[in-house]
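Protein chains: 2
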Amino acid sequence: MAGSGAPAAFSIIDALMAITGPQGLLTGDDVRARSCDPLRNVPNLAAAIVRPASTDELSRILRLCAERHQPVVTQGGCTGVAGGAYAREGDIAVSLERMTRIEDICPISQTAVVQAGVTVEALRAAAAANGMFYPIDLGSKGTATIGGTIATNAGGNRVIRWGMTRQNVLGVEAVLADGTVMSSLNRLIKNNTGYALKDLFVGSEGTLGIVSRAVVKLVPAPTTQSVAILSVGSFEKVLALLARARQVPTLSAFEVMWRDFYDLMAHSGTNRRPLAPGQPFYVLVETLGYHASVDGQLFEAFLAGAYEDGLVADAVQATSVKQWEHLWRVREGSEVIVRELSPFLSFDISVEISALERYVDKTYAALHREYGDMRTVTFGHLGDNNIHIGVTVGPDKPEAKSRIEDTVYGTLREFGGSISAEHGIGQHKRALLARHKSAEEIETMRRIKTALDPAGLLNPQVIF
Amino acid sequence: MAGSGAPAAFSIIDALMAITGPQGLLTGDDVRARSCDPLRNVPNLAAAIVRPASTDELSRILRLCAERHQPVVTQGGCTGVAGGAYAREGDIAVSLERMTRIEDICPISQTAVVQAGVTVEALRAAAAANGMFYPIDLGSKGTATIGGTIATNAGGNRVIRWGMTRQNVLGVEAVLADGTVMSSLNRLIKNNTGYALKDLFVGSEGTLGIVSRAVVKLVPAPTTQSVAILSVGSFEKVLALLARARQVPTLSAFEVMWRDFYDLMAHSGTNRRPLAPGQPFYVLVETLGYHASVDGQLFEAFLAGAYEDGLVADAVQATSVKQWEHLWRVREGSEVIVRELSPFLSFDISVEISALERYVDKTYAALHREYGDMRTVTFGHLGDNNIHIGVTVGPDKPEAKSRIEDTVYGTLREFGGSISAEHGIGQHKRALLARHKSAEEIETMRRIKTALDPAGLLNPQVIF
Numbered sequence: 177m178a179g180s181g182a183p184a185a186f187s188i189i190d191a192l193m194a195i196t197g198p199q200g201l202l203t204g205d206d207v208r209a210r211s212c213d214p215l216r217n218v219p220n221l222a223a224a225i226v227r228p229a230s231t232d233e234l235s236r237i238l239r240l241c242a243e244r245h246q247p248v249v250t251q252g253g254c255t256g257v258a259g260g261a262y263a264r265e266g267d268i269a270v271s272l273e274r275m276t277r278i279e280d281i282c283p284i285s286q287t288a289v290v291q292a293g294v295t296v297e298a299l300r301a302a303a304a305a306n307g308m309f310y311p312i313d314l315g316s317k318g319t320a321t322i323g324g325t326i327a328t329n330a331g332g333n334r335v336i337r338w339g340m341t342r343q344n345v346l347g348v349e350a351v352l353a354d355g356t357v358m359s360s361l362n363r364l365i366k367n368n369t370g371y372a373l374k375d376l377f378v379g380s381e382g383t384l385g386i387v388s389r390a391v392v393k394l395v396p397a398p399t400t401q402s403v404a405i406l407s408v409g410s411f412e413k414v415l416a417l418l419a420r421a422r423q424v425p426t427l428s429a430f431e432v433m434w435r436d437f438y439d440l441m442a443h444s445g446t447n448r449r450p451l452a453p454g455q456p457f458y459v460l461v462e463t464l465g466y467h468a469s470v471d472g473q474l475f476e477a478f479l480a481g482a483y484e485d486g487l488v489a490d491a492v493q494a495t496s497v498k499q500w501e502h503l504w505r506v507r508e509g510s511e512v513i514v515r516e517l518s519p520f521l522s523f524d525i526s527v528e529i530s531a532l533e534r535y536v537d538k539t540y541a542a543l544h545r546e547y548g549d550m551r552t553v554t555f556g557h558l559g560d561n562n563i564h565i566g567v568t569v570g571p572d573k574p575e576a577k578s579r580i581e582d583t584v585y586g587t588l589r590e591f592g593g594s595i596s597a598e599h600g601i602g603q604h605k606r607a608l609l610a611r612h613k614s615a616e617e618i619e620t621m622r623r624i625k626t627a628l629d630p631a632g633l634l635n636p637q638v639i640f
Numbered sequence: 177m178a179g180s181g182a183p184a185a186f187s188i189i190d191a192l193m194a195i196t197g198p199q200g201l202l203t204g205d206d207v208r209a210r211s212c213d214p215l216r217n218v219p220n221l222a223a224a225i226v227r228p229a230s231t232d233e234l235s236r237i238l239r240l241c242a243e244r245h246q247p248v249v250t251q252g253g254c255t256g257v258a259g260g261a262y263a264r265e266g267d268i269a270v271s272l273e274r275m276t277r278i279e280d281i282c283p284i285s286q287t288a289v290v291q292a293g294v295t296v297e298a299l300r301a302a303a304a305a306n307g308m309f310y311p312i313d314l315g316s317k318g319t320a321t322i323g324g325t326i327a328t329n330a331g332g333n334r335v336i337r338w339g340m341t342r343q344n345v346l347g348v349e350a351v352l353a354d355g356t357v358m359s360s361l362n363r364l365i366k367n368n369t370g371y372a373l374k375d376l377f378v379g380s381e382g383t384l385g386i387v388s389r390a391v392v393k394l395v396p397a398p399t400t401q402s403v404a405i406l407s408v409g410s411f412e413k414v415l416a417l418l419a420r421a422r423q424v425p426t427l428s429a430f431e432v433m434w435r436d437f438y439d440l441m442a443h444s445g446t447n448r449r450p451l452a453p454g455q456p457f458y459v460l461v462e463t464l465g466y467h468a469s470v471d472g473q474l475f476e477a478f479l480a481g482a483y484e485d486g487l488v489a490d491a492v493q494a495t496s497v498k499q500w501e502h503l504w505r506v507r508e509g510s511e512v513i514v515r516e517l518s519p520f521l522s523f524d525i526s527v528e529i530s531a532l533e534r535y536v537d538k539t540y541a542a543l544h545r546e547y548g549d550m551r552t553v554t555f556g557h558l559g560d561n562n563i564h565i566g567v568t569v570g571p572d573k574p575e576a577k578s579r580i581e582d583t584v585y586g587t588l589r590e591f592g593g594s595i596s597a598e599h600g601i602g603q604h605k606r607a608l609l610a611r612h613k614s615a616e617e618i619e620t621m622r623r624i625k626t627a628l629d630p631a632g633l634l635n636p637q638v639i640f
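Residue numbers (the numbering used here), protein chains in the order written: chain A, 177 to 640; chain B, 177 to 640.
Calculated from the structure, these hints are not laboratory results.
Be careful, since some hints might not be right.
Stated by the list, open to error - Lysine-lysine pairs mimicking DSSO-like chemistry, simulated, CA-CA at most 30 Å apart:
(1) A:Lys393 / B:Lys393
(2) B:Lys613 / B:Lys577
(3) B:Lys393 / A:Lys538
(4) A:Lys613 / B:Lys393
(5) B:Lys613 / B:Lys538
(6) A:Lys393 / B:Lys613
(7) B:Lys538 / A:Lys393
(8) A:Lys538 / A:Lys577
(9) A:Lys538 / A:Lys613
(10) A:Lys498 / A:Lys393
(11) B:Lys498 / B:Lys393
(12) B:Lys538 / B:Lys577
(13) A:Lys577 / A:Lys613
Can you make the complete structure from the sequences, with help from the hints?
Shown next as structure tokens:
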């Protein structure tokens with residue numbers, strides 16, 4: 177084809193096709209049909225979605241793109257909400273959806289080796305079949321891939337016990353922008369032999385390389401569960417409860433719902449009202465353990481102590497798996513938020529817990545002062561400093577979007593909080609990053625980016 | 177002084193003195209008197225040891241050294257055994273021993289902010305005074321500094337519960353080779369805003385920058401302890417015990433001693449013989465918890481179950497703090513090893529636990545085949561894949577040293593193990609690294625090194 181005068185986009189597609197074969201390449205409507213965003217239909221403008229069947233194919237694809245100065249966007253399950261997978265016209269999108277092998281699960285070493293296209297749910301199921309448990313648990317787990325959760329350092333509900341994705345991954349194989357296969361598939365807990373390459377690639381949002389395989393940590397599958405929802409009269413008491421809950425070594429979730437969130441659920445018509453509304457805070461506490469003889473006893477002692485010491489107004493404890501699921505549904509009512517608050521803005525904030533109530537109060541006051549009686553909901557993973565705030569954007573004021581963002585993030589700065597606790601920067605928060613991170617941190621990140629991807633071809637509009 | 181013809185070493189010392197004042201500079205015998213190695217007297221050949229009193233002074237020192245192409249070696253407590261603090265003639269050594277402020281301890285957020293010169297012991301004591309606990313626990317904790325343990329990603333005895341130093345540090349402030357103060361003093365558990373700079377600096381052994389301050393994670397101070405030593409008839413049974421112990425959520429140590437190690441202690445004349453010798457393995461199990469009502473019960477149930485199912489030949493459980501310390505002394509008998517085995521070589525190895533017994537057996541067989549009846553000891557942190565092997569080097573065969581190393585490391589390669597589990601690479605294992613890590617990993621590390629320290633001035637002979 178050289179010199180034939182064919183458009184560049186055509187000739188690179190031919191070259192990609194030569195690497196993967198036709199089953200490895202999607203173009204036209206097959207690309208258009210895939211949204212880059214899980215919440216709304218953001219058109220996938222990529223010239224093609226290339227789907228390598230192996231690390232070797234992926235390496236050849238990236239080498240080809242590097243030679244042609246072709247920007248590449250990596251798309252996992254496209255469940256991220258930070259715009260990390262948005263493809264522009266002319267981009268080549270890479271999807272590892274054909275690399276879905278779970279290569280090894282070892283209950284003795286407590287590890288699994290997987291290709292990056294495996295979904296979180298598939299890994300969890302395979303672990304369960306071996307008596308093991310992969311702790312990362314997200315609402316989107318059926319679609320989100322291991323590669324995507326590694327790229328974004330996904331969190332979820334059990335971070336308080338097992339950490340974020342970075343803490344649950346031991347090693348990665350990544351293909352760099354020039355096609356180099358950087359295999360760092362460490363299986364060892366302790367391995368002090370140079371820089372933390374795995375940790376660097378986790379959370380780099382596809383800007384340093386494409387993770388093709390990973391070694392993840394598993395834990396024994398828990399055999400006991402306890403869940404309760406408590407209503408609590410003040411944030412001070414919520415913090416006192418958290419301090420006690422942290423001494424329960426089987427603690428696996430400590431989720432807090434502000435009154436507005438709980439009220440929304442209680443009045444949603446979905447029967448999610450395990451306790452009377454009206455208290456300022458509602459807390460979901462969960463433990464996952466291995467000892468029927470003591471786990472429930474310890475959980476009940478925690479609840480009883482909290483009652484006795486006046487930390488809790490009311491409480492309901494699940495006594496069956498069905499009730500357990502019912503209580504979790506109160507906390508996870510995202511479809512109710514979408515239904516009742518849309519159009520709304522969603523924020524993924526972290527603030528030190530000692531300052532969290534003040535931050536939310538100040539933000540609410542500013543929002544109401546500036547925009548009247550807009551609806552809000554706040555909830556989140558308190559033990560991890562992480563809350564999500566939802567704010568209605570009235571249909572008559574679409575221009576309010578960036579002003580609301582300014583208010584929420586502007587309040588955040590004085591509290592030393594983070595503009596992204598678990599969702600990442602993607603394309604959406606690039607501009608914010610410069611205002612919330614020091615110039616020296618950004619410059620250090622940029623030097624690393626340039627060292628590994630000097631032409632800036634990988635996810636070019638993400639983070640930087 | 178410009179153009180005065182004074183020797184370069186003199187003029188830089190004058191310039192350093194101008195930054196720190198005389199109390200910030202050690203020269204001559206004050207430098208010579210400090211060994212670069214905790215185990216033997218390795219002369220400190222540095223032209224000076226400069227001791228900044230603040231991050232600002234440190235920044236000016238590094239800017240000066242960058243301008244003069246002056247290599248800089250960072251020396252913390254000099255307790256590392258990988259030669260990471262060795263200073264060559266003409267080097268400038270930097271010590272943060274005057275930066276020892278514990279700036280903040282917050283029991284609510286469970287964090288402390290410290291200057292890098294604080295010793296691990298001082299931090300642990302300050303945490304304890306606030307009802308909190310810093311989990312990193314090393315034999316050298318009285319001398320090892322937070323900065324040094326961050327540089328080396330120190331491990332120790334409680335990794336199975338709380339992880340290595342990397343998992344216990346939330347943020348760092350580091351001064352780069354050009355004097356840039358890169359402040360990334362994150363206090364948040366969840367903060368997905370770009371690359372994992374903290375994780376990259378932890379374990380970089382002073383080659384990317386000098387860590388000047390850090391935010392560390394604390395946990396509530398445990399209030400219950402249980403310790404036992406068990407004798408076990410096979411490695412298979414040791415693994416079965418470990419799998420059960422992992423289900424005890426308060427598990428804080430699972431230390432295994434091979435027969436040769438235990439025999440050495442049992443016959444050392446130090447009364448470290450809680451159980452009869454003769455079994456192939458001895459295991460120290462510890463739990464640290466918060467609930468007197470159930471922690472002991474769970475520990476005893478673990479022991480009883482292990483007995484009933486034939487996993488344990490014999491066991492002794494501590495019933496007092498004194499006995500608790502006595503049992504730990506069996507495992508920590510490094511002075512007995514030094515006395516009985518010297519001159520000896522010490523190895524810090526990790527291998528997946530499913531292959532660990534085969535690795536040790538094969539290594540022992542190779543050592544005995546090649547060098548006759550040399551003495552060995554093996555022990556370590558089994559849950560973390562980490563063992564330490566000590567091998568006598570007979571006084572009549574000093575040339576045996578590198579041959580023994582070749583044997584131990586050579587056997588390691590086929591098992592996919594690591595040449596350094598927790599001690600780091602330093603200067604001692606540079607040559608080995610190239611044989612045990614892929615060229616692509618080393619090249620990626622080198623690109624990062626060059627991006628942050630283009631002239632290669634920081635710890636120039638460490639890692640690379």
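**Q.** 30 Å Cα cutoff - pair Lys498 (chain B), Lys393 (chain B)
**A.** Holds: Lys498 (chain B) and Lys393 (chain B) sit about 29 Å apart, inside 30 Å.
Q: Sort out whether Lys393 (chain A) lies within 30 Å of Lys538 (chain B), counting only the CA atoms.
A: 27 Å, holds
Q: For the pair we were handed, Lys498 (chain A) and Lys393 (chain A), check the Cα-Cα distance against 30 Å.
A: Satisfied, since the Cα-Cα distance of roughly 29 Å is no more than 30 Å.
Q: Starting from Lys393 (chain B), check that the Cα of Lys538 (chain A) is at most 30 Å away, please.
A: 27 Å, holds
Q | 30 Å Cα cutoff - pair Lys613 (chain B), Lys577 (chain B) | A | 22 Å, holds
**Q.** Hint consistency between Lys538 (chain A) and Lys577 (chain A) [alpha-carbon to alpha-carbon, up to 30 Å]
**A.** 19 Å, holds
Q) Does the structure keep Lys538 (chain B) and Lys577 (chain B) at a Cα separation of 30 Å or less? A) 19 Å, holds
**Q.** Restraint check for Lys613 (chain A) with Lys393 (chain B), where alpha carbons must lie at most 30 Å apart
**A.** Distance ~21 Å between Lys613 (chain A) and Lys393 (chain B) Cα, so the pair holds.
Q. Is the Cα-Cα distance between Lys393 (chain A) and Lys613 (chain B) 30 Å or less?
A. The hint holds at about 21 Å.
Q | Pair hint Lys577 (chain A) and Lys613 (chain A), alpha-carbon separation not exceeding 30 Å | A | Cα-Cα ~22 Å, so holds.
Q | Given pair status - Lys613 (chain A), Lys538 (chain A), alpha carbons within 30 Å | A | Distance ~22 Å between Lys538 (chain A) and Lys613 (chain A) Cα, so the pair holds.
Q: Measure nothing beyond the straight line between the CA atoms of Lys613 (chain B) and Lys538 (chain B); if it is 30 Å or shorter, mark the hint as holding.
A: 22 Å, holds
Hint check: no violations occur; every hint is consistent with the structure.
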